[in-house]
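J.: Following the hints, put chain A in place on chain G, whose structure we already have.
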Amino acid sequence: MNNNIDWKKYLIVFLITAGLFVTAIYLGNYFGDKKLSQLEFIQDQISIDILSTETQFSLLSELSCKNISDSVFAPELGELGSKLEWSENNIGATKEVVYLRKYYSLLQIKDYLLAKKISERCGAKSAFILYFYTTLENCRECKRQEIVLTNLRERYPELKVYSFDYSTKLGAVEAMLQIYKIKDTELPALVVNEDVLSGFQSIDELEKRIEKVL
Amino acid sequence: MFLLQDIIFYVLAFLSVYIQVFFFVTFLENRKRIVVREGHPELSSYPAVTIAVPCWNEEHTLPATIQSLRDLNYPKNKLTIFLIDDGSTDGTWNIIQKFAQYPNVKIFRKENGGKHTALNLALENTETDFFGGLDADSTIHPESLARIMSYFEKDKSAMAVAPSVIVYNPKKFIQNAQKTEYDMGVYLKKMLGFLGAIPVTPGPLTIFRKKVFDDLGHYRHGHNTEDMEIAYRMHKNHYKIEYCNDAFVYTNSPSDVKKLYRQRLRWIYGFINNTIDYRQVLFDKKYGNFSFFTLPVGVISILAVSYLFVRIILFFGYFVYSKIVVLSALGWNFDFRVPSFDFFFIHAPAFSFLIALIYSLVIFSMIFGRKMTNEKRIFSLDILYFFPVFILIAPFWFFQAIYSTIIRRRPAWR
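Taken in order, these protein sequences are the chains called G and A. The first sequence begins at 1 in the working numbering and counts up one residue at a time. The second sequence begins at 215 in the working numbering and counts up one residue at a time.
Since the hints were derived computationally from the structure, they do not count as laboratory data. Fair warning: this is a prediction, and the values are worked out from it, not measured in the lab. From the three backbone atoms N, C-alpha and C, an ideal C-beta is built for every residue, glycine too. Take the hints with a grain of salt, since some may be wrong.
If the Cβ cut is set under 7 Å, some of the chain A residues that face chain G in the computed set are [as the list claims (entries may be wrong)]: (1) V225; (2) V235; (3) V239; (4) A262; (5) K537; (6) V539; (7) V540; (8) P602.
Looking at chain G on its own, in the form it has when it is part of the complex (with noise of 0.2 Å):
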């Protein structure tokens, strides 16, 4: 019986086994860089929306508030934010994400000031809610409450929910956390109209709280 093993065909399986590998791993990274990408590519155009905004509110802003109105909120921001937590979750928190999410922060603290500005300067009806969460691990409501959340944002296209990653290592979040009072023991924490919250807010108290408002 023929028992000589072709070590050169297992070699070559190896060879071509591992050249899948690479390609596979190749693959897989082009298409985590290109949703990056695409995140990016989002981040940039709500920038503009933001700033265009705030230059429309500046040069209109004496004279009329209709004509401002409807393009004030940037609805690309919640898709961004779903995007990111996507990516968080799917890609990891690799150093990319990480600016991406602190970029995103920014961009939320500015969509809020100019809502809220533009809101009682003319008279808007909009509910505004900041949402302060960290890790599961750390926070084990977390999760409810942003599900809760995504909830309301549904039912009350009027409702703005701003969230905010505790951890998130940037200037203007930690101001934030300051201004309110957030401690890390005491997350989730909402900031309602100006009430803050702690702990997790069931879907009950928070439409109450909403509908007074709007």
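T.: Below, chain A without anything else, positioned relative to chain G:
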């Protein structure tokens, strides 16, 4: 940072891709040698052959088995049929007796002692140079024996030739899943045949040179898988096993999950324990590809399917958990919305490409196997039945076979 589970995953994925590529490269090397003959093969002589049918409570399937033996296109005076009743408690013996009138049929009756004892009784009475068994739940294609014998004529060093076992008349979902598995087996065993590394000489119609048993001894219990044990013993003694892909044998497949489970538990238990018994063969280059490819492939397959199963269970566990969290956060009064589709959320990490590659090669082996069995419907949705059955149920018999091995409890035959 790589987690332990990622490392396990990538090691198993690498080995699984390696195995599939190895089979595919073997196919590319030998594709011109794969022939499916239509009619009767030309033989310069017809050696005398004894075929033994061990029977234990086989009254329903036995008549068709014997008839198919009698219908073989092989000279009647060169074929001796042994019918052995291994202590049946049903009407098997009555059926056997009806065939005693034919000159080339010999009948035997003994106390129940297991399939290997029935085959050994046949071996003790065999006077021909070629011997084979045929399970009493199988029937043979009329040309199969002649086609098998053509391999012996062509290659004097071939000591045993295994046939292509195909599922007979699959009706139920579970039988169609097995049909796909057997069809794939035809392709894979042919490749193992090219590598000289077939791990089993199936009960349905493997023909041996009688010399194998004269030299190596008769059948052993082999953990209820005597057809695997003899193959291992042959490899250990450098006896060549060939694979005749166009010698078709049709076998009745288990018709429900319970019967399939018992059968597979016995097979996997047999594989594990025969491999343990012959562990000295593993990774010893004296024993060729059987030692470096076939046996490791068996072990890796058990590990990979078990691992995949655990991952699937964890995935579904997480899915159910996340739904419970939604329920606890919103109560029952949440409204269902169809999520808007966005390509962004299609996850395409490296491992998804590897899994797609493995499945593509598996599906290729199923399709090519079907082609080799002359199946008319080569591209049938039936092949998809294989996946749920063998991904979700197989791990249970793997786990139990491992457990039974640890506690040394041998599974029953049926």
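J.: Indicate, hint by hint, whether the structure satisfies it.
T.: To see whether the hints hold, each was checked on the structure:
For V225(A), the interface hint is violated, the least distance from its beta-carbon to any beta-carbon of chain G being 11 Å, above 7 Å. Given the 7 Å rule on beta carbons, the hint for V235(A) holds: about 5 Å separates it from the nearest Cβ of chain G. Interface restraint check for V239(A): the shortest CB-CB distance to chain G comes to about 6 Å, inside 7 Å, so the restraint holds. At its closest, the beta carbon of A262(A) sits 24 Å from a beta carbon of chain G; the interface hint therefore is violated under the 7 Å criterion.
Taking 7 Å as the C-beta contact cut-off toward chain G, the hint placing K537(A) at the interface is violated, the least distance being around 11 Å. Taken as an interface hint, V539(A) checks out: its beta carbon lies about 6 Å from the nearest beta carbon of chain G, inside 7 Å. This hint holds: V540(A) has a C-beta 5 Å from the nearest C-beta of chain G, less than the 7 Å allowed. Of the supplied interface hints, the one on P602(A) is violated, with its beta-carbon coming no nearer than about 25 Å to a beta-carbon of chain G, more than 7 Å.
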